[in-house]
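Asks: Please model the complete structure; the sequences and the hints are all you need to start from.
Residues 1 to 234 (full-length UniProt numbering) are what the sequence shown spells out, left to right.
Among the hints, erroneous ones may be present.
[Said to hold, decoys possible] Calculated lysine to aspartate or glutamate pairs in the DMTMM-like style (CA-CA distance at most 20 Å, straight line):
#1 LYS137 with ASP172
#2 LYS66 with ASP27
#3 LYS209 with ASP39
#4 LYS140 with ASP68
#5 LYS56 with ASP73
#6 LYS56 with ASP39
#7 LYS56 with GLU37
#8 LYS126 with ASP172
#9 LYS209 with GLU37
[As the list claims (entries may be wrong)] With beta-carbon atoms standing in for the labels, derived distance ranges:
#10 GLY31 with PRO153: 23 to 29 Å
#11 PRO79 with ASP191: 33 to 39 Å
#12 ARG111 with GLU156: 15 to 21 Å
#13 GLU156 with HIS104: 16 to 22 Å
#14 VAL54 with ASP152: 33 to 39 Å
#15 GLY187 with ARG110: 24 to 30 Å
#16 HIS74 with ALA122: 30 to 36 Å
#17 ASP191 with ASP68: 40 to 46 Å
No lab work stands behind these hints: they were computed from the structure. Note that the Cβ used here is the ideal one computed from N, Cα and C, for glycine as well.
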Amino acid sequence: MCATHSAAFAAGADEISAAERLIFTTDHLHGIQQQTELDYAFLSTDQPAHSTDVVKVLVVSPDNAKGDAQVSDHSGAVPLPNAGLQCNPVIIYFLERDIAEMEHLTGGQRRYFQQRLRLALAAGPKIETVTSQVGGKPVKARQIVVQPYLGDPNSERFAQYIGKRYTFLIADTVPGEVALIRTDVPGANNDFAHPLQTQTLSFQAALRKLPPPPNAPNAPNVPLKPSDAPRASR
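Replies: Quick look at the structure:
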């Protein structure tokens, strides 16, 4: 995903859609202090007991100025091909995970799924202002919704996923700006009220990982004030 987008961005900012700009070239981590950890919950409804994974983004340099934010999940550190992108790397994490799963489930080519999503975002989908509940409080967010496999004859090879929908919620007041990323595979007759599968990545908290003083045990994580670190509700 990243390599494809990096090549497209090199052609010039004027050729990038507003949706691509909001998701991939916005400096989402601007204003985040170094050694701040952003925590996200990843939930998949098709896993046993609707299992939840905690995905962590550690901002190493102030404002992520060096582009060195680190991502980890239950498996440990997750290397990502996000060179040249200013976005919150949790976006790339989610999309890379999704593409790998689509490749595994359908036997399709990774590049195909990358290209379909890129084209859907490049087509200039509508960006809506919505109100989302974050930490039990209403938060203004910008919403982008795409269905990358609609209208593509090649998608007939995996008909179950033709209607798959991707939703991005970007909120300026949420640390790291990514409030929610969600995919839904509709049920029979394009029924999104009863989806076959839903996967969500939702913002949970921001923790300031204060460096310990010399010769002292590691200092505990210090949560930001609730007003600065809302918890997402689904």
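Asks: Check each numbered hint from earlier against the structure, then list the numbers of those it violates in ascending order.
Replies: Hints 4, 10 contradicted; others consistent.
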